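Here are the chains, one letter per residue:
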Amino acid sequence: MRNRLVGLVVLTAVLATALSAQAPATYRAPRTKDGKPDLNGIWQAINTANWNIEAHSPEPGPMFQLGAAYAVPGGFGIVEGGPIPYKPEALAKRQENYKNRLTQDPEIKCYLPGVPRAMYQPFPFQIVQSPKHIMMSFEFAGALRTIYMADQTPAPADSWMGWSNGKWEGETLVIDTTGFNGMPWFDKAGNYASDTLHIVERITPRSAETLNYEATIEDPAVFTRSWKISFPLYRRIEKNLQLTEFRCVEYSEEIIYGHLRKPGTGPAPTR
Amino acid sequence: MKHRSLVVLSIVALLATVVFSASLIAGQQRSAQPAAQPAAQPRPAAATPARPATQTAAKPYVVPKTVDGQPDLQGYWGNGTYTPLERPQNVTKEFYTEEEYKTVLKTRASGEDEQTTPGTTADVHYDFTQFALDTSQSPIPLNLRTSLIIDPPNGRLPARVGAQAGAGGGRGAGPGGGGGRGAGGGAAAAPAGGGRGAAPGGGGGANNQYDSIQNMPIGSRCIIMGGSGPPLMDAGYNSVYQIVQGKDQVMIVTEMIHDVRIIPIGDRPLPPEQLKQWIGMSRGHYEGNTLVVETTNFNGRRPFQGAGQNLRITERFTRVADDKIDYTFTATDETTWVSPWTASVPLTKEKGPIFEFACHETNYGPANILAGARATEKAAADAARK
Amino acid sequence: MKATRLKLAAIATIVALLGAVPVWAHHAFAAEFDVNKPVTLKGTMTKWDMVNPHSWFHVDVKGPDGKVVEWMVEGGSPNTLIRLGVTKYTIKPGTELTVEGYQAKEGSNKAVGRNFILPDGTRLFLSLSGAVPGGAPDK
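Residue numbers (the numbering used here), protein chains in the order written: chain R, 58 to 328; chain W, 17 to 402; chain U, 5 to 143.
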């Protein structure tokens with residue numbers, strides 16, 4: 058009787074250990090014909106990161122005339138482990154960005170969103186995957202990221218979307234991006250980085266309809282250390298969905314050029 | 017091109033050097049060579065001229081396949097050309113001889129090489145050759161055709177619906193007369209709706225073009241440029257495309273303005289008619305080794321030879337050599353032209369990469385132009401007051 | 005030399021060819037910069053902004069009064085040069101540069117650069133793209 062009891066205890070202990078030590082089963086995505094996890098498809102983030110990547114309370118929008126429809130929803134944020142580690146002078150700049158966001162947010166001017174912002178703007182993006190190039194096409198301003206999987210070189214010059222070299226680590230696409238021009242923001246709240254920004258992203262299919270996205274962000278000119286963001290990406294599963302144009306230049310022209318208009322002429326009617 | 021790259025790599029390696037030494041390059045005078053061979057070494061011409069009168073027997077080209085088993089069109093491709101959209105008025109035949117073609121190239125290339133005269137409007141521009149933006153510095157496929165248009169057989173646009181006889185070809189002749197290279201590209205880059213100053217929603221003739229940003233040409237505003245298809249036409253410079261094939265989508269990237277077309281492959285319903293786009297909406301399928309792309313749903317705002325929302329384009333891409341894609345398109349719009357028309361615009365292999373052409377973001381020109389117009393008006397008003 | 009010989013005959017060709025490049029690009033320049041305000045700027049390039057649709061050179065120019073004035077000079081798109089191997093490291097900040105061009109109509113220290121000339125007389129980038137070897141631009 059006693060042996061059986063001891064045996065039961067031991068068995069329970071062994072099982073408990075085995076179960077807790079067992080890693081959650083890694084999802085194995087379907088493969089492309091060249092044997093890589095298949096990331097083809099239309100994807101979109103569902104979160105409030107584009108308003109503010111840090112955790113934040115709801116607040117009024119920058120234009121009272123737009124009332125509740127354009128106010129800021131609260132959010133848990135996508136930054137791991139606390140606030141963004143700005144240097145003190147950089148934090149002051151972030152605050153100034155925030156104060157002037159109505160005139161300074163590059164998104165309002167239809168400027169290219171940069172990385173990582175393009176990954177969580179409230180627009181779908183499409184991945185077209187080939188062995189040598191993984192392309193990411195974004196609706197907003199027709200932004201494009203080219204992930205070079207072969208014939209890799211350093212960035213020849215600086216750009217809004219950066220220069221990306223990628224490689225596969227098992228189930229994960231690892232993307233190393235440099236060559237940023239320091240112009241984009243991370244969100245509407247004024248979070249930002251400079252032209253020494255360096256981002257390493259890891260994109261891992263977690264199910265047939267979701268991806269894990271995480272990015273390690275470093276910029277010695279702005280932050281005291283590197284930091285991480287993470288969030289899921291969801292597949293847009295509607296049948297026959299396509300990206301649609303969002304050529305937003307026209308929506309920003311009056312803001313940018315209105316003061317140069319010939320006196321006595323009014324803004325052109327919107328089409 | 018290869019020679020030039022080797023030269024360039026050696027120069028880049030000498031990062032400490034401030035002054036470029038002319039002795040680093042082979043001393044080949046550019047204008048002494050036919051423009052299709054701008055580097056010191058002659059570049060091999062494309063496999064065969066487009067539809068030549070005679071053809072020597074050649075080993076048939078085997079089209080490579082993508083990993084998904086589709087005809088492989090991937091890579092960087094250029095469509096810079098000296099061939100005009102429409103056959104010049106003084107030319108009646110369909111093909112130049114090779115000699116005649118070489119003369120055309122040489123004349124054009126040496127023209128691009130020429131210095132402009134100080135104090136003339138033409139001189140108020142950066143020199144294209146310094147930035148390698150002149151066409152003679154791009155790969156140009158050997159194309160003996162006298163026009164890009166191959167149908168109608170006279171090599172000219174069909175008559176416009178409702179136009180008088182003979183007026184139909186006028187628009188497409190392009191700036192610069194019958195020799196206007198890339199008249200498709202030039203005209204497509206012209207402002208929407210015809211006249212240079214005509215603008216949606218206001219303005220009038222050319223005189224009002226600088227009253228406001230909205231009166232300025234579409235390309236100046238960085239909304240869309242002439243190389244963005246469909247169809248794919250010479251953008252004037254930087255006329256480079258990147259084709260990437262995913263398992264059931266083909267992506268065509270147009271360099272200016274980082275314009276992306278994603279063409280779903282396979283059976284799909286037509287897009288809803290309320291969804292209209294500058295580049296329309298495309299559907300593709302393969303017929304043997306040819307990618308066929310049908311595009312509808314144009315919003316009619318992108319200038320294309322006078323066509324509007326009823327425009328439909330069918331494109332055909334066939335890889336005929338490692339470095340050449342036979343690209344043709346048929347344009348149909350019963351409200352614009354009395355018949356469809358077809359053009360052949362060969363794509364030739366280009367070197368990559370396509371660097372981000374962020375246009376609107378650093379588009380200082382229009383602000384300077386508008387400010388200049390206001391300053392001129394103010395000076396005139398002040399002078400009038402005296 | 006060659007340029008002088010062909011100049012008269014080539015003007016018509018040039019006009020036709022310039023008509024063949026995107027219309028908006030050509031005409032807009034004459035509206036942005038003043039043909040009646042030619043400038044020759046001799047100075048030090050502090051930065052080449054490799055941007056589109058046109059790149060911009062920042063040049064510090066010392067005036068006759070000894071004061072240094074920063075000029076912004078418009079050049080061409082860098083995209084084809086990048087295909088030829090040019091990078092942001094190709095021209096070092098501090099490079100001496102002479103710019104022949106025309107000043108902005110709105111009167112600021114902006115110009116379009118017709119020719120960008122290095123101290124040895126060669127024009128910028130032409131040794132990369134197969135130029136007429138050596139010598140100053142023929143004007």
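No wet-lab data here; the hints were simulated from the structure. None of these values were measured; they are calculated from a predicted model. C-beta atoms are modelled at their ideal positions from N, C-alpha and C, and glycine is treated no differently. Mixed in with the good hints, there may be bad ones.
[Said to hold, decoys possible] To be clear about the criterion: a stretch of chain W counts as covered by chain U if any three or more of its residues have a C-beta under 8 Å from a C-beta of chain U, and this derived list gives those stretches:
1. 107-119
2. 160-167
3. 298-311
4. 363-369
[Said to hold, decoys possible] Below 25 Å or equal to it, Euclidean Cα-Cα: the simulated BS3-like pairs (lysine-lysine) are:
5. R:LYS296 to W:LYS122
6. W:LYS367 to W:LYS122
7. U:LYS92 to U:LYS41
8. R:LYS189 to W:LYS75
9. U:LYS71 to U:LYS92
10. U:LYS66 to W:LYS402
11. R:LYS166 to W:LYS292
12. U:LYS46 to R:LYS319
13. W:LYS81 to W:LYS402
14. R:LYS224 to W:LYS292
15. R:LYS90 to R:LYS285
16. W:LYS394 to R:LYS90
17. U:LYS96 to U:LYS41
18. R:LYS296 to R:LYS150
19. R:LYS285 to R:LYS296
20. R:LYS189 to W:LYS81
21. W:LYS122 to R:LYS319
22. W:LYS75 to R:LYS93
23. R:LYS93 to W:LYS109
24. U:LYS71 to U:LYS96
25. U:LYS66 to U:LYS46
26. W:LYS394 to R:LYS296
27. W:LYS292 to W:LYS81
28. U:LYS41 to W:LYS367
29. R:LYS224 to W:LYS263
30. W:LYS118 to R:LYS189
31. U:LYS66 to W:LYS394
32. R:LYS90 to R:LYS319
33. W:LYS122 to R:LYS189
34. R:LYS224 to R:LYS319
35. R:LYS319 to R:LYS166
36. W:LYS81 to R:LYS224
37. W:LYS292 to R:LYS90
38. R:LYS189 to R:LYS90
39. W:LYS118 to W:LYS365
40. R:LYS319 to W:LYS81
Now for the hints, and whether the structure bears them out:
1. As drawn, the region 107-119 of chain W meets chain U at 0 residues by the rule of a beta-carbon pair under 8 Å; below three, the given contact is violated.
2. Against chain U, the region 160-167 of chain W contributes 0 residues with a C-beta closer than 8 Å to a partner C-beta. That does not satisfy the three-residue criterion, and the hint is violated.
3. Against chain U, the region 298-311 of chain W contributes 0 residues with a C-beta closer than 8 Å to a partner C-beta. That does not satisfy the three-residue criterion, and the hint is violated.
4. Taking a C-beta to C-beta cut-off of 8 Å, the region 363-369 of chain W contributes 4 residues in contact with chain U, enough for the three needed, and the coverage statement holds.
5. The straight-line distance between the Cα atoms of LYS296 (chain R) and LYS122 (chain W) is roughly 53 Å, outside the 25 Å bound, and the hint therefore fails.
6. Of the supplied pair hints, the one linking LYS367 (chain W) and LYS122 (chain W) holds, its CA atoms being roughly 23 Å apart against a limit of 25 Å.
7. Under the criterion of a C-alpha separation no larger than 25 Å, the hint pairing LYS92 (chain U) with LYS41 (chain U) is inconsistent with the structure, at around 30 Å.
8. Among the hinted pairs, LYS189 (chain R) with LYS75 (chain W) is inconsistent with the structure: their alpha-carbon atoms are about 29 Å apart, more than 25 Å.
9. The straight-line distance between the Cα atoms of LYS71 (chain U) and LYS92 (chain U) is roughly 28 Å, outside the 25 Å bound, and the hint therefore fails.
10. Between LYS66 (chain U) and LYS402 (chain W) the alpha-carbon distance is near 36 Å, which puts this suggested pair outside the 25 Å criterion.
11. A hinted pair counts as satisfied when its Cα atoms are at most 25 Å apart, and LYS166 (chain R) with LYS292 (chain W) qualifies at roughly 23 Å.
12. As the CA atoms of LYS46 (chain U) and LYS319 (chain R) are separated by approximately 35 Å, the hinted pair breaks the 25 Å bound.
13. This hinted pair does not check out: LYS81 (chain W) and LYS402 (chain W) have alpha carbons roughly 75 Å apart, beyond 25 Å.
14. A threshold of 25 Å between alpha carbons decides the hint, and for LYS224 (chain R) with LYS292 (chain W) the separation of about 37 Å lies outside it, so the pair is violated.
15. Straight-line distance between C-alpha atoms of LYS90 (chain R) and LYS285 (chain R) comes to about 32 Å, which puts the hinted pair past the 25 Å bound.
16. Only pairs whose Cα atoms come within 25 Å are accepted, and LYS394 (chain W) paired with LYS90 (chain R) is rejected, the gap being roughly 66 Å.
17. For the given pair, LYS96 (chain U) sits about 29 Å from LYS41 (chain U) by alpha-carbon distance, which is inconsistent with the 25 Å threshold.
18. Between LYS296 (chain R) and LYS150 (chain R) the CA atoms are separated by roughly 45 Å; this puts the pair beyond 25 Å, and the hint is violated.
19. Between the alpha carbons of LYS285 (chain R) and LYS296 (chain R) the distance comes to roughly 34 Å, so the proposed pair goes past 25 Å and is violated.
20. Restraint check: the Cα-Cα separation between LYS189 (chain R) and LYS81 (chain W) comes to about 14 Å, which is no more than 25 Å; the hinted pair holds.
21. A distance of roughly 45 Å separates the Cα atoms of LYS122 (chain W) and LYS319 (chain R); the hinted pair therefore is violated under the 25 Å criterion.
22. Note on LYS75 (chain W) and LYS93 (chain R): the hinted pairing is violated, with a Cα-Cα distance of about 35 Å set against a maximum of 25 Å.
23. Pair hint LYS93 (chain R) plus LYS109 (chain W) does not hold up; C-alpha atoms about 52 Å apart against a cutoff of 25 Å.
24. The straight-line distance between the Cα atoms of LYS71 (chain U) and LYS96 (chain U) is roughly 23 Å, inside the 25 Å bound, and the hint therefore holds.
25. Among the hinted pairs, LYS66 (chain U) with LYS46 (chain U) is consistent with the structure: their alpha-carbon atoms are about 8 Å apart, no more than 25 Å.
26. Of the supplied pair hints, the one linking LYS394 (chain W) and LYS296 (chain R) is violated, its CA atoms being roughly 58 Å apart against a limit of 25 Å.
27. Taking the CA atoms of LYS292 (chain W) and LYS81 (chain W), the gap is near 33 Å; set against the 25 Å cutoff, the hint is violated.
28. This hinted pair does not check out: LYS41 (chain U) and LYS367 (chain W) have alpha carbons roughly 39 Å apart, beyond 25 Å.
29. For the given pair, LYS224 (chain R) sits about 19 Å from LYS263 (chain W) by alpha-carbon distance, which is consistent with the 25 Å threshold.
30. With a C-alpha separation of about 37 Å, the suggested pairing of LYS118 (chain W) with LYS189 (chain R) is violated against the 25 Å cut-off.
31. With a C-alpha separation of about 30 Å, the suggested pair LYS66 (chain U) and LYS394 (chain W) falls outside the 25 Å cut-off, and the hint is violated.
32. Taking the CA atoms of LYS90 (chain R) and LYS319 (chain R), the gap is near 58 Å; set against the 25 Å cutoff, the hint is violated.
33. Taken as a hint, the LYS122 (chain W) and LYS189 (chain R) pair is broken in the structure, with Cα atoms around 37 Å apart against an allowance of 25 Å.
34. For the hint linking LYS224 (chain R) to LYS319 (chain R), the alpha-carbon distance of about 53 Å lies beyond 25 Å, and the restraint is violated.
35. For the given pair, LYS319 (chain R) sits about 21 Å from LYS166 (chain R) by alpha-carbon distance, which is consistent with the 25 Å threshold.
36. Taken as a hint, the LYS81 (chain W) and LYS224 (chain R) pair is honoured in the structure, with Cα atoms around 23 Å apart against an allowance of 25 Å.
37. With a C-alpha separation of about 34 Å, the suggested pair LYS292 (chain W) and LYS90 (chain R) falls outside the 25 Å cut-off, and the hint is violated.
38. Our distance criterion of 25 Å between C-alpha atoms is met by LYS189 (chain R) and LYS90 (chain R), whose separation comes to about 13 Å.
39. Using a Cα cut-off of 25 Å, the hinted pair LYS118 (chain W) and LYS365 (chain W) holds, with the two alpha carbons roughly 20 Å apart.
40. The straight-line distance between the Cα atoms of LYS319 (chain R) and LYS81 (chain W) is roughly 57 Å, outside the 25 Å bound, and the hint therefore fails.
The earlier numbered hints that this structure contradicts are 1, 2, 3, 5, 7, 8, 9, 10, 12, 13, 14, 15, 16, 17, 18, 19, 21, 22, 23, 26, 27, 28, 30, 31, 32, 33, 34, 37 and 40.
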